[in-house]
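Participant: Listed here are the chains, written in short residue letters.
2 protein chains.
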Amino acid sequence: MSLEISKRGKNMPASPIRKLTPLADDAKRRGVKVYHLNIGQPDIETPLAMRQRLAAVPNVLAYSPSAGTHEFVAALIGYYESLGLEVTADQVIATTGGSEAILFALLACADEGGEVVLPEPFYTNYSSFAAIAGLTLAPVTTRGDDGFHLPARALFEKALSSRTRAVILCNPNNPTGTVYRPDEVQMVAEVCRDRGLFLIVDEVYRELVYDGRKPASALSLRGFDENVVVVDSLSKRYSACGIRLGALVSRNRALIDAALRMAQGRLSPPGLAQIAGAGMTDLGPEYAAGVTREYEGRRNLLYDALCAIPDVFVRKPEGAFYFVARLPVEDGEAFARFLLEEYALDGATVMVAPAEGFYATPGLGRNEVRIAYVLNQQDLRAAVRVLAGGLAAYRAKESERLGGPSRRLVS
Amino acid sequence: MSLEISKRGKNMPASPIRKLTPLADDAKRRGVKVYHLNIGQPDIETPLAMRQRLAAVPNVLAYSPSAGTHEFVAALIGYYESLGLEVTADQVIATTGGSEAILFALLACADEGGEVVLPEPFYTNYSSFAAIAGLTLAPVTTRGDDGFHLPARALFEKALSSRTRAVILCNPNNPTGTVYRPDEVQMVAEVCRDRGLFLIVDEVYRELVYDGRKPASALSLRGFDENVVVVDSLSKRYSACGIRLGALVSRNRALIDAALRMAQGRLSPPGLAQIAGAGMTDLGPEYAAGVTREYEGRRNLLYDALCAIPDVFVRKPEGAFYFVARLPVEDGEAFARFLLEEYALDGATVMVAPAEGFYATPGLGRNEVRIAYVLNQQDLRAAVRVLAGGLAAYRAKESERLGGPSRRLVS
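Those protein sequence lines, which keep their order, are chains W and Y.
Residue 258 in the working numbering is what sits at position 258 of the first sequence, and the numbering runs on without skipping anything.
Residue 153 in the working numbering is what sits at position 153 of the second sequence, and the numbering runs on without skipping anything.
It is possible that some hints are incorrect.
[As the list claims (entries may be wrong)] Listed below are the simulated DSBU-like cross-link pairs for lysine-lysine, each with C-alpha atoms no more than 35 Å apart in a straight line:
hint : chain 1 : residue 1 : chain 2 : residue 2
1    : W       : 158       : Y       : 10
2    : Y       : 316       : Y       : 28
3    : W       : 7         : Y       : 316
4    : W       : 28        : W       : 158
5    : Y       : 158       : W       : 10
6    : W       : 7         : Y       : 28
7    : Y       : 7         : W       : 10
It should be emphasised that the hints constitute simulated quantities derived from the structure, not laboratory data.
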């Protein structure tokens, strides 16, 4: 007798960022070098100040308090203080990456059958956590032509329904690289306050803002303490994705109390990560400034290089380390597969993330891909050269398949 | 306007193991030494073979594959092989502790509104994960007088309903220390097969079996590959609770595939933990044998000491490192509070976990506490002396309060 798994197990979305990984593995087995622009895994070193703390770990690697060790939570609070944000220990739960903070936030904000509004395209894994929590994601579409900025309030509010319990903003945004202006964040906060909604703000790219922008946080908003729930992570800020350490921060006591009980259920956040993470106290503001400068240089390089590829459309992103690029192809996933399965330039190819999976509205994003600038400038230059070559080869092939050399697939 | 959190957030259970922690902290601030018998945090050192791997971590602490690093999964498979269990890499998902394996298993086995049957008393955090997954726990009551062994099949089946999707067995059992006999496990497996249910077996105490018993696993059952889902963890086996590393193991492909998609949603299991955990390959069978011998000695000591306290009832547990003891008190939680708030012997007191929270049936377990033998024998001896003194003092106080020196609170 074959045993049926749950419907939610069957419907759990596969990661659109990782689902082409087997094709990349095949390419590597064929000896092809693969430039990974598909995943937000930077090549920048995790600070030595963190890694060296692992040289002396306790002899018993014991449970930590469910909300995090005193040492790590104090380091986090010191970090917020350095940004002018007043956060107390009872407003913080250390979590297993930003991922767990998102899950706890969703579970605490909404019951099964509820709805969460968010701009699309959005970080695809929100879908996974919404599926676990039994929630529907209701998108507010944003467009590359507007730099993926938010529509006016009246349009934004159209996405709300009687089932809406929260809004998610990812700021700076993954996948678009958009940094919402203060008036945009204020607008969404006011919608939340007026309509009795939580505002979950995913700020894991907080420092990565360019062109003279300063790191901002929804924790600095005045008058929205009940609404605001911030998701944080050490992954991107300290190039420490693998340690899985983040935080949930809110001044809403009932919400933090519920999240703490969830945290007790899973006992502790990762302990070795907290030992390493506490090393953030040894890093001055020059650390973040240096990292931001590095990414800004990469963004500039990639922006110029992408603009130089015929019929590719991008706006210059303001933060994070992603572009959503519109390509002259019908199906971004087919193109991404082509790059991995059929194309190589001087023995190398490139992996990008098809953007369709970042949209909830069917059909949107089919001709877009997300590109992460997580390689050094030399590799990035080489990767874009491969991308440009691959795109030309793909268009030639498609054009031939469709029976005419001049047919434009996308106007 | 006060913003209401979700019903599930409000109803999320607090940990009965950790909820008295503030009282223990107060006692420590008053200068009282607290022997912690409330939580399964052993004092045994995490193996050096694991800790020393942290001396050389990569410069970039990157995401690992969602199902775990090749190195760690290979180490796990080698470990299963050493027990005669054939497990392949595509049957394993490395998880953030056994905790996450439980959550993934529940989500994949049952949809919201479903029911999971399990013997009570049970590991309290199953309640937290059931609450997250929107599931009800339906208990099969087991009794101290039977050593908390399972009832006969007919009685066991009475707990099943049309909504039942899975059975959870924790074997060796937390909190009772019971090791189910092969015929008991077989009976439950047959019930699951006959009724189309998943059998989730939590084996995180697998090695800790005494009196000559051998470590066993439901993975060795023949004919139940579709049903069996094993939850595993390094926490207890290697005294590495804080690293948060475990695994979900099943030969049911659809289930593992669903769990993998959940795992992709949260990106990776903790990376530093996997580096340390891979050190298990350096530990021969003598490691587990030594740890088991140590716990067996503690069990023997504690059993004799508890039996010597008037009116305390325990059966000798067969595995894990817990006792559920029936005490001559009406309310185990009031007694546990008394120990922390009012009692000390030679400047020390003891913390135990009230057992009521380990039962789903209201009223059961009120006069029971869970005692973990996670201290060395000298401390354990001292702790039981405090427990005995505290119990006498509490009974005297209660007896006075109730107006008669001879009144027995519990027969």
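Participant: Taking the hints in turn, state whether each one holds.
Facilitator: Hint by hint, here is what the structure shows:
A C-alpha spacing of about 29 Å is found between residue 158 of chain W and residue 10 of chain Y, which places the hinted pair at or below 35 Å, so the restraint holds. Distance check on the hinted pair: residue 316 of chain Y and residue 28 of chain Y sit about 32 Å apart at the alpha-carbon level, within 35 Å; holds. A C-alpha spacing of about 43 Å is found between residue 7 of chain W and residue 316 of chain Y, which places the hinted pair above 35 Å, so the restraint is violated. Only pairs whose Cα atoms come within 35 Å are accepted, and residue 28 of chain W paired with residue 158 of chain W is rejected, the gap being roughly 47 Å.
About 29 Å separates the Cα atoms of residue 158 of chain Y and residue 10 of chain W, which keeps this hinted pair within 35 Å; it holds. Of the supplied pair hints, the one linking residue 7 of chain W and residue 28 of chain Y is violated, its CA atoms being roughly 49 Å apart against a limit of 35 Å. Among the hinted pairs, residue 7 of chain Y with residue 10 of chain W is consistent with the structure: their alpha-carbon atoms are about 26 Å apart, no more than 35 Å.
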